[in-house]
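Colleague: Next come the chains, spelled out residue by residue.
There are 2 protein chains.
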Amino acid sequence: MAVIIHVDFPHNDVWGKEMAVQMNELAQSINNEPGFIWKFWTESKKDEMAGGVYMFDSRENAEKYLKMHSERLAQFGYSNIRGKVFEINEELSAICKAPLQ
Amino acid sequence: MAVIIHVDFPHNDVWGKEMAVQMNELAQSINNEPGFIWKFWTESKKDEMAGGVYMFDSRENAEKYLKMHSERLAQFGYSNIRGKVFEINEELSAICKAPLQ
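Chains A and B, in that order, give the protein sequences. Heads up: the first sequence begins at 1 in my numbering, then just goes up one per residue. Heads up: the second sequence begins at 1 in my numbering, then just goes up one per residue.
One chain only, chain A, in its complex shape (with noise of 0.2 Å):
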């Protein structure tokens, strides 16, 4: 069953267009991880964070990405990272028109 990972870490380093085109090629590359579905690549200048909410097919695959993804994060000098997978309740998600798999 699909599950959500949210991650989110302290940023204050280049934003939107800028951004997109530092991590383009990381980008592309996550769509390669095992049982991964989709990512927002989320960020708030306001509060000076940075990170994504994804979709992954299982809690294992979600697991061993955030796990990798953690560490990678990491070794780019990103400290304080907070990440979390979530089953999706699905019921409650159709009624509140959540694009469901």
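It cannot be assumed that every hint is accurate.
Claimed, not checked - Taking lysine to aspartate or glutamate and the EDC-like style, the derived pairs with C-alpha atoms no more than 20 Å apart in a straight line are: (1) Lys-84/A with Glu-91/B; (2) Lys-67/B with Asp-57/B; (3) Lys-46/A with Glu-87/B; (4) Lys-97/B with Glu-71/A; (5) Lys-17/A with Glu-71/B; (6) Lys-45/B with Glu-87/B.
No lab work stands behind these hints: they were computed from the structure.
Place chain B on chain A using the hints.
Modeller: Just chain B, lined up with the frame of chain A:
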């Protein structure tokens, strides 16, 4: 421009179908919030947390909703509610097949 809200909080009560019965009316009502587009209802028995990922049409509407919803959750007895509004990096999200509006 559409934004994402992420909310989560400690929860160790009902899950899944039982949650769906209890929260049905609230879920219906969220469809009427100004600027609301969709919500994933999320839950993690493993981490004893529940929450949501929302799309709203603007940061202004998202922040108004988040303030009201955080107060409502506190009235329900929840504490340590974490909620953040993020802009979407549309270029990177499109590469990663996110369901953009």
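Colleague: If a hint holds in the structure, say so; if it doesn't, say that too.
Modeller: The hints, checked one at a time:
1. Lys-84/A with Glu-91/B: violated (24 Å)
2. Lys-67/B with Asp-57/B: The given pair, whose Cα atoms are some 16 Å apart, holds under the 20 Å limit.
3. Lys-46/A with Glu-87/B: holds (10 Å)
4. Lys-97/B with Glu-71/A: Distance ~24 Å between Lys-97/B and Glu-71/A Cα, so the pair is violated.
5. Lys-17/A with Glu-71/B: Distance ~35 Å between Lys-17/A and Glu-71/B Cα, so the pair is violated.
6. Lys-45/B with Glu-87/B: violated (29 Å)
When each numbered hint is compared with the structure, violations occur for hints 1, 4, 5, 6.
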